[in-house]
Amino acid sequence: RKEVEQDPGPFNVPEGATVAFNCTYSNSASQSFFWYRQDCRKEPKLLMSVYSSGNEDGRFTAQLNRASQYISLLIRDSKLSDSATYLCVVNMDTGRRALTFGSGTRLQVQP
Amino acid sequence: DTAVSQTPKYLVTQMGNDKSIKCEQNLGHDTMYWYKQDSKKFLKIMFSYNNKELIINETVPNRFSPKSPDKAHLNLHINSLELGDSAVYFCASSQAGGANQPQHFGDGTRLSIL
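So the protein lines, in turn, are chains A and B.
Each residue of the first sequence is one higher than the last, beginning at 9 in the working numbering.
Each residue of the second sequence is one higher than the last, beginning at 36 in the working numbering.
It should be emphasised that the hints constitute simulated quantities derived from the structure, not laboratory data.
Pairs of lysine-lysine residues, derived as PhoX-like cross-links and limited to a Cα-Cα distance of at most 20 Å, are as follows:
no., chain 1, residue 1, chain 2, residue 2
1, B, Lys-79, B, Lys-102
2, B, Lys-57, A, Lys-50
3, B, Lys-79, B, Lys-44
4, B, Lys-71, B, Lys-102
5, A, Lys-10, B, Lys-75
6, B, Lys-102, B, Lys-57
7, A, Lys-50, B, Lys-79
8, B, Lys-57, B, Lys-71
9, B, Lys-106, B, Lys-87
10, B, Lys-106, B, Lys-57
11, B, Lys-75, A, Lys-50
12, B, Lys-102, B, Lys-44
13, B, Lys-54, B, Lys-44
14, B, Lys-44, B, Lys-71
15, A, Lys-10, B, Lys-76
16, B, Lys-76, A, Lys-53
17, B, Lys-79, B, Lys-57
18, B, Lys-87, B, Lys-102
19, B, Lys-76, A, Lys-50
20, B, Lys-79, A, Lys-10
21, A, Lys-53, B, Lys-79
22, B, Lys-44, B, Lys-57
23, B, Lys-87, B, Lys-57
24, B, Lys-44, A, Lys-53
25, B, Lys-76, B, Lys-44
26, B, Lys-71, A, Lys-10
27, B, Lys-54, B, Lys-102
28, A, Lys-53, B, Lys-75
29, A, Lys-53, B, Lys-71
30, B, Lys-54, B, Lys-71
31, A, Lys-87, A, Lys-53
32, A, Lys-50, B, Lys-44
33, A, Lys-50, B, Lys-71
Put together the whole structure using the sequences plus the hints.
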C-alpha cells in the first residue's frame, strides 16, 4: 500500500462545478496534513493546511478523518484557474520533519 | 524577491558527468530539503538539513552528496550522472520546530541526461 494514495484523475469539470478529492494515508500516527497545488512545470505551492476540525479558505474546504485515515479537499464554484494538480501531503514522522507526497490528482476545469 | 531560489533552472548534460545544483533561501528558515520529482510526477524526499546538520538521508545513491555551508544554503552535487537521474529536483525550506510547518519550494531544476 502506498503511504499516501490519491486518484490521479484527471477530473474534467465545467466552470462553476463543485469537485472533491480524497486522499488516504497509511500511518495512523501521522501528525500534520496539507494540500499543495502544482501547476504544469511549476513548483508545488501550499494551498492549505488541514486541521482536525476541518477548515475552509474561500471556495476551498479541507477535512480530516483520522479514524478512516483520509483527507479530502472540496472546491466550490470551480474557476478555470483552478486547473492544476492537487497534491495530498502528510507529515508522517514529526522527528524527521519529512513530508510524504501523494502523486497528485489532476483537475481540468473547462469553460 | 524570490524566497527559495535554485540554479540552474535547466541542466542538460551527458552521462558520466559531475554537476551541482545550488539552492538559497531568504526566509530565515532553519530546515532545507532536496526532493526529486520523476517522470511520473512523484515527489520524493532525498535529504534534509537542519541548521547545517544532516537529519534525513533517504535511500539515495552515494553519487548524490548534499552540502550546507550555512543554514540559508543547501547545494546538491551529483557524480557520474546516469540516465535515471533525469528528473526535476526541488529545493524547499521550512521553519524548524513543530511538525505543522509547511514547506516552501524553489521553482525546480530540470536535469536531462543525454
